[in-house]
Every structure is written in structure tokens, then in C-alpha cells.
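Visitor: Protein chains in written order, with this note's numbering: chain A, 5 to 393; chain B, 5 to 393.
Hints are supplied without guarantee of correctness; some may be wrong.
The list cannot tell twin chains apart, which means a pair is met if one copy fits it or any two copies do.
Stated by the list, open to error - Dumping the calculated DSS-like pairs for lysine-lysine here, alpha-carbon to alpha-carbon at most 27 Å: (1) Lys-267 <-> Lys-239; (2) Lys-319 <-> Lys-131; (3) Lys-15 <-> Lys-176; (4) Lys-165 <-> Lys-32; (5) Lys-129 <-> Lys-32; (6) Lys-176 <-> Lys-25; (7) Lys-25 <-> Lys-131.
Hints were generated in silico from the structure; no laboratory data involved.
Number of protein chains: 2
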Amino acid sequence: MHNFTYHSPTKVIFGQGSVPKIVPELQKAGISRVLLLTGGKSVFASGLYDTLIKLFQEARISCETISGVQPNPRLSKAREAVDAARKSQAQAIIATGGGSVFDSAKVIAASVGSGHDIWDLITRKQKVTDALPIFGILTLSGTSSEINDTSVINNEETNDKMPIANPLLYPKVSIVDPSLQYTVPLQQVRYGGFDTIVHVLESYLATNDTAEVLAEHAESYLRRVMACLSTLPEKLTDYNTRAELTFCATYAFSGWCWVGRSKRGDFSSHRIGHALSALYDMPHGVTLGLLLPNWMEYVLEKGLNRDIFTRFAVKVMNVPENAADPAREGIEALRAFIHSLEMPTRLCEVGITAKDIPALTENAARTLPFGSVIPMDLEKITAVFEKSL
Amino acid sequence: MHNFTYHSPTKVIFGQGSVPKIVPELQKAGISRVLLLTGGKSVFASGLYDTLIKLFQEARISCETISGVQPNPRLSKAREAVDAARKSQAQAIIATGGGSVFDSAKVIAASVGSGHDIWDLITRKQKVTDALPIFGILTLSGTSSEINDTSVINNEETNDKMPIANPLLYPKVSIVDPSLQYTVPLQQVRYGGFDTIVHVLESYLATNDTAEVLAEHAESYLRRVMACLSTLPEKLTDYNTRAELTFCATYAFSGWCWVGRSKRGDFSSHRIGHALSALYDMPHGVTLGLLLPNWMEYVLEKGLNRDIFTRFAVKVMNVPENAADPAREGIEALRAFIHSLEMPTRLCEVGITAKDIPALTENAARTLPFGSVIPMDLEKITAVFEKSL
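Starting from the given sequences, assemble the full structure and let the hints guide the process.
Guide: Right, dumping it as C-alpha cells:
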């Protein structure tokens, strides 16, 4: 077991009907003026926006709204919100949405608190010295942004996408009501669930050197998310199924899964997958299904990580311990699982062929260096894409 | 899965050699004057005290020491520390010890921060409005006080023992270095490990209604602590064994084990066991071994909780699913495990007989009401003691 630091200060209020609990949390913190930050239409269509406005009115909390935060959140929208927060003297940001809204709320809070432009903070020209408190209401599981201190923002002027992390950016409180996600379409829930699986796997498969109790935690996340996804079509509005998926999505990427490991993980599937999103506008979850099993095969063929791949096969994928090649059978079982979610596992299934690989590789290589099990380069990224054909 | 709030804001710095990391944490918080609070002799005998004083001197952090905090920490000692903290204008409390030192640090921090006497805060005559930050170094696992917001203090003038809990009392940082506990004698480590098991079991056995992923977490804590205790005699200074035991002890009682349950747990074994400690000066872990399996038998005979007791037997104690009476065999297996730790499971083994039960019952009943599976009263406490003969 390796040394670690674990810090997860966000207070999580979890469960059906929890939205009104935001009011006493704001009151306890002495907050009476807020900036409400939302995404596009769904928060209005679902009635959540009206609910919040009514709650704030009843509690005499004045509220300014900035809506229209997009996936891959943009700098210009965040800057607009900073101006609004300053003008209205907001004491807190209320992030109501998915990862992009939480990510935006973090840089807005830092910019208002520190008195510097967002991009200067992200590029470290200026320091984050203070931040407005963030109170969140999660409407779409994904990045665990609701309980971490990290934000990724797109500068659409320079075409840069850059992360920032700072302990001042942990949300103070995050309200996670799984029933707010009932209206998300089946296939999108599957993509999100598979993203949760990969968040766990990218740590779990990278090393085999944490405490047994923590390895077992990871395995129970994996087994349970898979089990819930398997019955999802009949259980799209079954509270316990959705609650377990939501719970796992929030905590899977909280840092818990890399506690005690010599490496945080190998995030090559995520990094290489971004190229498929960039060039083919493919959902994030689909890119992971296309790449992860093939990255695993590539690693195995290099003679690496057989022990932990075998453990994964036996403990998660139910491959018999005495199988001829359990590590490889585990990968096959994972592919079958991905197919069962009506997701592809080969690039040919989505019409991508060998001639497309150079452009994909060039795009994926932009964020090098990455890869802790196999440090990637142009040649190796090409090899992973070729394996995925 | 039931609604829950989970909040665990303490930053845990875990691992061998982590003690010096307290200095940058204090510096980041702008702290240059501290009150160092310790227990009796071990912190001096081990050299940890000298290490800390040297670290503080090198970092120009001025330090006042109050030592001699006892198990079941006393109000008078805590008041003495409040005076010292005020006089030296300490900006933080450094708790260096086990649960009693952390518990004391919390009320000292609250008293200095709020400007009120400790007992007035505990009895709610005055409110905790602020608290000095607490930075801890754990030298003995037990109560999870290093990551919770709770303190229990003995008023030796009135013979009262009372708890206080407040979110301002979470330690800011806790340094948990398992190797600091190498010098704890084998039998004491076993008692502590069994206490960890019971902390998990008192939640786990009380209800069967949380998410499957959380039930599996609890089971992996139980299996792993049992496995580590089983090999402990040969592995008293094996880092991975001690690290896993320490990790489980810290997180077992952090609130994680009752997340998603309709009830936090049934703490009757702890409550009734306190009478054995009070009247026979028996180690806490021993009292739990004497009571828990017998409380379980009592519950089972009332026709309650068979499902979760069966699950415990199969998933934790390796009882075959098709056993004649798996729930009861699970209890027998637990008794055998307790015996394997050289701990008693019957009062007769420690010389307590039927004639001693009235006094024990009277003592245990002082903290009524307790018991969520079976609400206890005089008659029922007597019955549990009789079962334990």
C-alpha cells in the first residue's frame, strides 16, 4: 500500500427530494445573494428552474441567472457570468447542471474571489487566492466535478482546452438527486455508466499494489455499475437502480480509486478517445468502448499487467480462474458487455478505416505526454487505433 | 437506498514517514504558533515528541506543550489546555495521540474559538461559533476521531460523560502513519481491530436496505480486518498488514458504513459493553467480543434480521449458502474467530456469574434509550447478559 493524501471536503446531500435542502445550507452560510448558473433547456423544461426560483424567493435569497452553459464549457460564457456575479454582488454560485456547469462555476468562483481574469488563472499568470463558495445541484452524472476541485475550460478564441485544480474550488455542498436524471435517454445513461466503469478501470488496471480492501472497493463499483446497466432498459425509472448508478458515478472519480496505488492510473483510453470526439463528434462513452478493450489487448501483448488483468477477469467478469487465458477472456467478456449496451467495440462498426488513422493519431497526440503503463507516442497511438479497427 | 448526507472534510495524509508533512500544512494555513497536545509516556518514549519539536523549531513555529491526556479524557486537563492556548495565543491545536487526545483537542479548539467554557459548550448552555483548526497525528487507531466531528469528554467533578458534535470540529488535517503503531502490544492491536469490526457490524447488521455497492464495501472491510488479524502474530511489523488495519480503522467509523441505510445502526453491544468496562475495568474490545455474538443470538431468537445475518454468514464468515441454519452458523463462526484472537466470548470465561448481572444491567441502563433493532430496557439488557453467561 502506497502513501496517499485523500481530501474530499464537499458535503454531499444525496437522494430523492433533496433539492429544497439547498436553502438551509445557504442560510447557515449566511448567503442571501446568489448567481444561478445553468445549462441549456432541460433545467427549464423539467421545472427545476421554477422550483429553485420559488425556493429562493420564499427564503428571500436574491438570485441572478446565467443560463446556456454548453458541454465543453466556454470561456466567453464563464466571463459573462463573472460580470453578472460582480454586478449583482453574488455571495455564492449555484451550479445547476452536469459537469460543464460545475466546471464553469469553479472558474467563475475563482475569478470573482481572486479578482483576476479566468484565463489568467488557468494559465497561471495569476494565482487563485480566494473563491466564492459553490453550491451545486447535479442533473447529469459524469465527471465527478460535483465533488472534485478540478475544472476544464475551452478558450474558443485560441482553441485551447485547459484544466485548473485548486482546493478552493471544491463545491461546499452538492445535492445529488438521482431522480432528476430520469429524463435522460437510455442510451445516454448507458454512455455515462460506461464512463464510470472506465474511470474506475483506468486506475484499477494500471497497477496491482494497493491494499486489498481498496481493490475490492473498485471491484464492487465495477460489478454493480455493470449489473445496473444490464437491467437498465426495464429499470430506467427504478429509483434504487438509478441511485446506485448515480452514487457510483459521483464517487468513482473522487480520488478513492487511486488511493494507495503507486500510480493514479493510465488514462490513455480517455486521451486517445478525445480524438474520436473531436473529429467525429462521437459521444465520450462510445469512444471509451471503442478504445479500452483494444488498449488492454495492446498492453497484454507487450507482456504487461497480466496479473491485474487476470484479477479483473475473475473478480469482475466472472471468467473461471482455471480458464486457458483468463486475462484475454476478460477482455472478450468486456467486449461482449459493451455490445450488450448497444455500443460498438471496433472502429469498422462506425465506418472508420485505416486511412483515417493518421488524422486521428495526430489529433490524439496533441495532449502528449500520457500513459503510465505504456507511455504513448505517435507510433503507439497508431498501434492502439490499428488494434481497434 | 435511503437518502443520506455524507461529509468528511478532513484531509488525510496516510503512510509511513508522513509526520514531517505537518509543517507545510501549517505553513499553508499561515500558522506560526501552536499548542501541542499529547497523551502520557509513549509519545516521549518513541521519540515522536522530539521529532515534532525539532520540526517546529526548524520551521520557526512556536510551540507550547500540554501532555498527560488520559483515556476517557478529562475536563480538567482540557481546561488546562484552553488556558495554555489562550496564554500562548496558539493559532492551532496539534493533537498527537489516539482518540482521547483528538477528542480533547476538539473541545479545546471550540472553547478557545468560541470564548466559552468547555462544559457550557457540551451542555449547550453556549454555542460553538468558531474553533481553532486542529491538525492531528494519529498514534493509536480506535474511534475514528481523527476524521469525525465528535468528542466525548468526562466531567470528573459531576461524574458525567457527554458527547458533542459540530462540523467546526473536524480536524483540518490528520496524519495517519501506520508504523507509529508498531510498538502497540499484539493483544491491544487485536482489541482495536475487533472494535473496527464491530463499528462496521453495528451498522451492517441493523438493516438490509442500502445500495448493494455499499453493502459490499462493508463486507470487504470485515473480511480484510479479519484476514489481517488472523496473520497478525507473525506480521506485527509488516507494513501492508498494519496499513490495511489502520486504514480500515480510520474509515470504518467515518460515516461511510451507514450511508444509504434507514438506520445508522444498533449500537447495543457498545452501550451494554460499557458496563463491563466500568465495573470490571475490562478493555473495550473484550467487552464487544463478549456481547456482540450473544446480542446477535438474542435478535435471531426474536425472529428479527435473519436475512442480513445470513448474508453476513455467507459473504463474510464463509458459511455455505446451503447450510442448515446459515445465520446461526455465522454467529458460531464469529465466536470461533473471537477465540482465535485469544479473546473470551462468554462471561464465565472472565469469572462473571448470574449474581453479577443486576449491577451490570443497572449500569448499562444509565445511557438508555438505545437499540434500533430491539429497543433496549432493563429486562432486555438482563436477557442479553444472561445469554452471554
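Visitor: Against this structure, judge whether each hint is valid.
Guide: Going down the list of hints, with the structure as the test:
{"no.": "1", "hint": "Lys-267 <-> Lys-239", "result": "between (36 Å within a copy, 26 Å between copies)"}
{"no.": "2", "hint": "Lys-319 <-> Lys-131", "result": "neither (45 Å within a copy, 51 Å between copies)"}
{"no.": "3", "hint": "Lys-15 <-> Lys-176", "result": "both (6 Å within a copy, 15 Å between copies)"}
{"no.": "4", "hint": "Lys-165 <-> Lys-32", "result": "neither (36 Å within a copy, 29 Å between copies)"}
{"no.": "5", "hint": "Lys-129 <-> Lys-32", "result": "between (35 Å within a copy, 20 Å between copies)"}
{"no.": "6", "hint": "Lys-176 <-> Lys-25", "result": "both (13 Å within a copy, 25 Å between copies)"}
{"no.": "7", "hint": "Lys-25 <-> Lys-131", "result": "between (33 Å within a copy, 23 Å between copies)"}
Checked against the numbered hints above, the structure violates hints 2, 4; every other hint is satisfied.
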